[in-house]
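*Asks:* Next come the chains, spelled out residue by residue.
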Amino acid sequence: MTISEPRAVEVPASLHGALAELVAALVAREPWWSKGDGAQADAAGLTDTDPEPAELPTPVVRSADVLQAGRPGLLSVVADVGDATIHRVLGLRAPGEESAFLPDADPAPLGLFDDTDGLAIVFDALTDASFCLALLRAVTGADDEPGPVRRARSGRDHDSLVFDDRLVLTVFKELPDADGPHPGLEMLLALDRVGFNHLIAPRAVWRRGSLDLGVVQDYPAGSTSGWALALTSLRDLYASGLPPDQAGGDFAVEAKRLGTMTARLHLGLDEAFGRVPGDPGAWADTVASVVRPVEPDLLDDPAVAAMLDDLRTSTTRCLAIRTHGDLHLGLVIRTDIGWLLADFPPGGAAGERSAEDARERAAENRPGSPARTAPVFRSPLVDVADMLWSFHRVAERAASERAPSEPPEVAALARAWEARNRRAYLSAYLATPGIGGIVPRVPGLVRSLVAAFQLERAALARPSPA
Amino acid sequence: MPGPARSSATVRGMSLAADAAGVPDHPPAYGARLPPPEDDPLWFTRAVFYEVFIRGFFDGNDDGTGDLPGLTAKLDYLQWLGVDCLWLLPFYPSPLRDGGYDISDYFSVHPDYGTVDDLRTLLHQAHDRGIRVIADLVINHTSDQHPWFVESRSSRDNPKADWYVWNDDDQRWPEARVVFVDVERSNWTYDPVREQYYWHRFYAFQPDLNYTNPEVQEAILEVVRFWLDLGLDGFRLDAVPFLFQRDGTNGENLPETHALIRRIRAELDKGYPGRILLAEANGWPTDVADYFGAGDECHLCFHFPLMPRLFTAVRREQRFPITEILAQTPAAPAGAQWAIFLRNHDELTLEMVSEEERDYLFSEYARDPRMKRHMGIGRRLAPLLDRDRQLAELLFALILSLPGSPVIYYGDELLMGDNVYLGDRDSVRTPMQWTPDRNGGFSRADFAQLYLPPSMDPVYGFAAVNVEAQQRDPSSFLHWIRKMLGVRREFLVFGTGDFEVLTCANPSVLAYVRSDPDGADRTVLCIHNLSRFAQPAELHLGRFEGARPVEVLGRVPFPVVGASPYPVTLAPYDHQWYELVEGGPEAIDTELGFDPGLAGGGP
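Note that the protein sequences, when read in sequence, are chains A and B.
All residue numbers for the first sequence refer to my numbering, where the first residue is 6 and numbers rise by one.
All residue numbers for the second sequence refer to my numbering, where the first residue is 603 and numbers rise by one.
Please keep in mind that the hints were generated in silico from the structure rather than gathered at the bench.
Nothing here was measured: the structure is a model prediction, and the numbers come from that model.
In silico SDA-like cross-links for lysine to any residue, where the CA-CA straight-line distance does not exceed 20 Å: (1) B:1085 - B:1156; (2) A:261 - B:961; (3) A:261 - B:957; (4) B:676 - B:1039; (5) A:261 - B:959; (6) B:1085 - B:995.
Make a model of the complete structure from these sequences and hints.
*Replies:* Dropping the structure here:
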């Protein structure tokens, strides 16, 4: 893996104003910006229906680098837009020069730009195949021709470009930390260093000073998302009407492997970022504070109250580690060598986030960011609860696909599927060698923690009444 | 030593020129249809093999048992079907306690099947029809009735005393597993005459030959030469991993075993170029690939782990069981090839799957415990699939297009059934069903004389499923598979091309491209739906931008591949094969007579 800081030739500050206008033109086209902060949009094509465009803050350029001089030219621009720090790549063409737009690209130029190389027409570089190839070359430093390029995803966080089904270049578009590393990438690199291999191997990191601007990884060819695979299993189950353990498309083997992968993830995170003492009582309070605004009655349920009280009075020593923070079936991919974790929040440290991921986010009315804010040190069982919630969601989703005239058994089958895969996932997780070092060895406490975090997860998925 | 002479002229309904003029005593001539093997040494990389259980194929002399003259009489059918090479199950004299895999004379033909001369006639007639023939050769062990063993066991100091593996106790080589765990308790059996134990990796009546003895190696090479001189195109070597034993090992895949196979191969290369060795080594692909050697061992190796995973994939409705095992399969070296199959004369073996997967396959495909055999399932293809024709077509489409030479088990081209109430592996060895007539047209003997009863099942029996009826019915499975064999012959890339799985977000879709690494041959895109529901797929075909997919069966041109993902709609268990025709859409449109306006392109 290489850390690359391509061509740090800065664009003179005198031109920053012109660049800011071009960035503003580009951002104005992006639905998640042009339609205000609360809008959702993604490659899945889901957009907010709110017709009132919000006033867009004027971008202020922080830095601009020339990645490829002359015409065609390539500029990388980091700018502040309101509270956010964004990054865009601009492609410069001499008038009359031929473009190579990717499918579905908006071919309209962003505007004009004039520097010592003369007048240029400016485009969003990530919508043009030849600019994408030039960018990959600039980031990897390699001269080879990587073959056909396609845009696998275009979102607020990042764009993913796939080259010849061999390499994927992720360009971060929103930088969560204006001065520091990208937390998702930081997690990917740290896990890679400690030998966690359920990830997509990083090949090159694109860095400018302390800022991470992108990453090149192997493309997980032939992969499919966990969500799609679970839906396949559920469709088979609902059509067969057999109990899940007898249905041909049983998912338990996969759930088991996912459990093992999750445990290895936590062991890797523990090794990479260390651990701190954890307080089940404080965790219980957090859960209560998240649940209360959405479903206050739930906290009065005797079983729930007793469970949270158990946590508050627990004397068992617990540990907190840096958790993944957004683990669900849409973020794991099945490949020919097993399961891989495709992404690390806040998104962008890897290849393709599935379309399901976007749909789920939209369904839960949360922006293109994880349910919980990373990075935080919490119980690793938070991730476990997130994945189990995802099992629940996918079973529901598959059931909702069935016609309303379907027999009520479908609901029962959905519950049975969820229970079976939950068992398989949890038992494999807890049976992974070493996991006892970071997860309490008290089965009752593990059960309560998972249940509490699931309540929290369910509450996060529900829009607050306010 | 040839067995008792018997005239082949008794065969009904066929005219064998060779018979009239007497059996030819020279090796079969290769005619216009079939070049001599040395002129086409890579023939096996493109061939479709057809496994024949001689006993069950066709009875040429009305004695209730299929035989070589019977098989010869049916060569026209096999030629019509379009197979390239027959693989004959053992035809040697044998007490037949294990389907002939217990040989009691290496230089003759079992009298039930005919004579050495009958085999010579078969080879002659097959080659004349463009069909090659290989035969099973069991070299790991013999029958306990073989004169070599009879002599070996007679004392501890006779000339053949060291031709088999003897020991004073039954404790040696405890690491070696017992293969037929449900029948045998140990790999050692006590012989009261010699008062020692002898070694057998399979049944106790199949003592293993001792290949550390150079005389035994020489004897087997003589066997090899004998049959190749007669005109056989090669051998399928049975149970190759077990030829040697060594302390501290499990006695499988030992270096000395590979050395012996190299010796046999050298014999072929020297005296019989173009003849082949096909290894039966039931193991993990990385281990089995060792039997290719450096191109100096076997020409073909069976790919055992793929087969159960094909069945798993369609039950799970996802491609990963298949792509996982293919990802772990080393490419065969130049001049070598994997042999792939759906079913064979043995049980559907589940040795090469995990215990968990075995439980899964048992529960999915062998709900009745009677269907279980050893470590597998004793069923034919059609009943395994509940006679789902679309699914059968899908599975055949897979083995005809995945990398490897496909091997078809006799009767599966009709979707014949099995009889799980018959013992051991006889369930899948019932007579071939030729006609709806008496005994299914297999034999004119009395019913009671038949080696096994033909299937009279209301669904799978010969009245419903037979060659004659399916030949008359153009939409039969038989006609379909014949058509597919024709397509496979047309595209050499199926045999020798590169294999690349395409990325597809839908886990139920398995799509791949077979292409010629040198770019000289045509390129085929194969798309399969492993689900019983219709499925969409978007394929990233960027590399083929500008090419036009042309469906291979109907030569129907499809829209040209553009920069966007190529959308495909698949019916349940669908398979779609397209040739990717390069060279600019207009040129292709003209060549194909394709008028975009007629195809719905609008005015």
